[in-house]
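Protein chains in written order, with the working numbering: chain V, 1 to 218; chain F, 1 to 218.
These are calculated hints, taken from the structure and not from any lab test.
Quick caveat: nothing in here was measured; it's all calculated off a predicted structure.
Treat the hints with caution; some may be incorrect.
Copies of one chain are not kept apart here, so a pair can be met inside one copy or by any two copies together.
Said to hold, decoys possible - Subject to a maximum C-alpha distance of 27 Å in a straight line, what follows is the list of computed DSS-like cross-link-like pairs (lysine-lysine):
#: 1; residue 1: LYS194; residue 2: LYS33
#: 2; residue 1: LYS194; residue 2: LYS75
#: 3; residue 1: LYS194; residue 2: LYS133
#: 4; residue 1: LYS133; residue 2: LYS97
#: 5; residue 1: LYS97; residue 2: LYS108
#: 6; residue 1: LYS194; residue 2: LYS108
#: 7; residue 1: LYS33; residue 2: LYS133
#: 8; residue 1: LYS33; residue 2: LYS108
Protein chains: 2
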Amino acid sequence: MKKPANLVASFMSVFAFISWKAMSSFVLELARKRRSVRRYLPRDVGIERVLYGIRAALEAPSGANQQPWRFIVVKDADVKARLRQVCEEGERRFYEKVRGELGEWLAKRGFTWEKPFLTEAPYLVAVFAELGKPYAVQSVWLAVGYMLLALEEAGLASLTYTPPNPGEAGAVLGAPRRFALQTIIPVGLPREEKAKEPRMSLEDAVFLDAWGRRLDGD
Amino acid sequence: MKKPANLVASFMSVFAFISWKAMSSFVLELARKRRSVRRYLPRDVGIERVLYGIRAALEAPSGANQQPWRFIVVKDADVKARLRQVCEEGERRFYEKVRGELGEWLAKRGFTWEKPFLTEAPYLVAVFAELGKPYAVQSVWLAVGYMLLALEEAGLASLTYTPPNPGEAGAVLGAPRRFALQTIIPVGLPREEKAKEPRMSLEDAVFLDAWGRRLDGD
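The following block holds chain V by itself, in its conformation from the complex (with noise of 0.2 Å):
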């Protein structure tokens, strides 16, 4: 039960719900429309809108405001090339020992150690955390959220793909030690429609003041 104290209280309450109302929900739209994409079309998409999504990733807050991140944007296909075998090398060393529910959930969908999308994609996006400061893996991954949120409202599909051999990866691209790398990011245009992975309701994810009591019980 609501007792609004008084009435601006009660017509501030009216004005907050019919702005809400009101509200654009272009956030949870792109959020929803977002899949990733393992297939890219070759075409260039220009380094503008790569660059659009990083930054937005420059934006987000990480600890202490120490923004522990670093990016490299690969375009030359030479260095895609390495980066591919590389990363290429390790999965098939994951491939050799990958067992159990993950083992099974990749073999369903058809995966494999190939990754084409390293060489298929006009532009790969390398992110690294620099290990030491706080909280850097952590808001490293917050950012590539924004990142992959303004990638998909500049029309571009992405993918975030991490090798099982970061560190040999990351040498690739000549990342000193303690800058760490997190994922590539393929970045273009999709070279095939593919339906959404389906997702937990909120019912299912989300409870109200304690483990296990859930909102609809409200």
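With chain V held as given, fit chain F onto it using these hints.
Just chain F now, kept in the frame of chain V:
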């Protein structure tokens, strides 16, 4: 030098350029506008607006689509008070030890062990990562990035606060051990205007094709 293979390619390039110029930059504007807020008005903002942020987070990609996240929306004043008490105990122990660059950064901003936002904000969103899932922590923080932008769009201020004793804070909420508390995000209306902390320039944060090779050298 670009050498379009034929007239169609030329036309496509021009079209891509025009549609890019006409593109919105809504995500970047939200990202630029958002800042971390540490003091909140006690006014309720309605749980639907908070859930809007979480709806966006639930659309994020995750390792093998395992969606290794759970959210607890805390509205109850007693639960908030207990959380604040446990977090502040952890903070007191942390502040007794903190030194060096981080200590200076904290002192300069007047940060102490006190975390009033944990009881001031009308809602807290506790975010958990399911340990053992592939890239669980990374996936959860990427989703937090989605959430912060969606909350900003909904006109709500937020902060990614992580207590130094996340295990103890997670236990207050009754979370099972394999779900590790990542952050407690106060959500509400800001009690004060705050300038945005400065950010690195694009030129300092982004390289082209190799570590250290600057964009403007292209």
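Right, here's what the structure says about each hint:
no. : hint            : in the structure
1   : LYS194 x LYS33  : within (11 Å within a copy, 33 Å between copies)
2   : LYS194 x LYS75  : within (25 Å within a copy, 39 Å between copies)
3   : LYS194 x LYS133 : between (38 Å within a copy, 24 Å between copies)
4   : LYS133 x LYS97  : between (33 Å within a copy, 17 Å between copies)
5   : LYS97 x LYS108  : within (17 Å within a copy, 50 Å between copies)
6   : LYS194 x LYS108 : within (15 Å within a copy, 50 Å between copies)
7   : LYS33 x LYS133  : between (33 Å within a copy, 24 Å between copies)
8   : LYS33 x LYS108  : within (23 Å within a copy, 42 Å between copies)
Going through the hint list in order, the structure satisfies each hint without exception.
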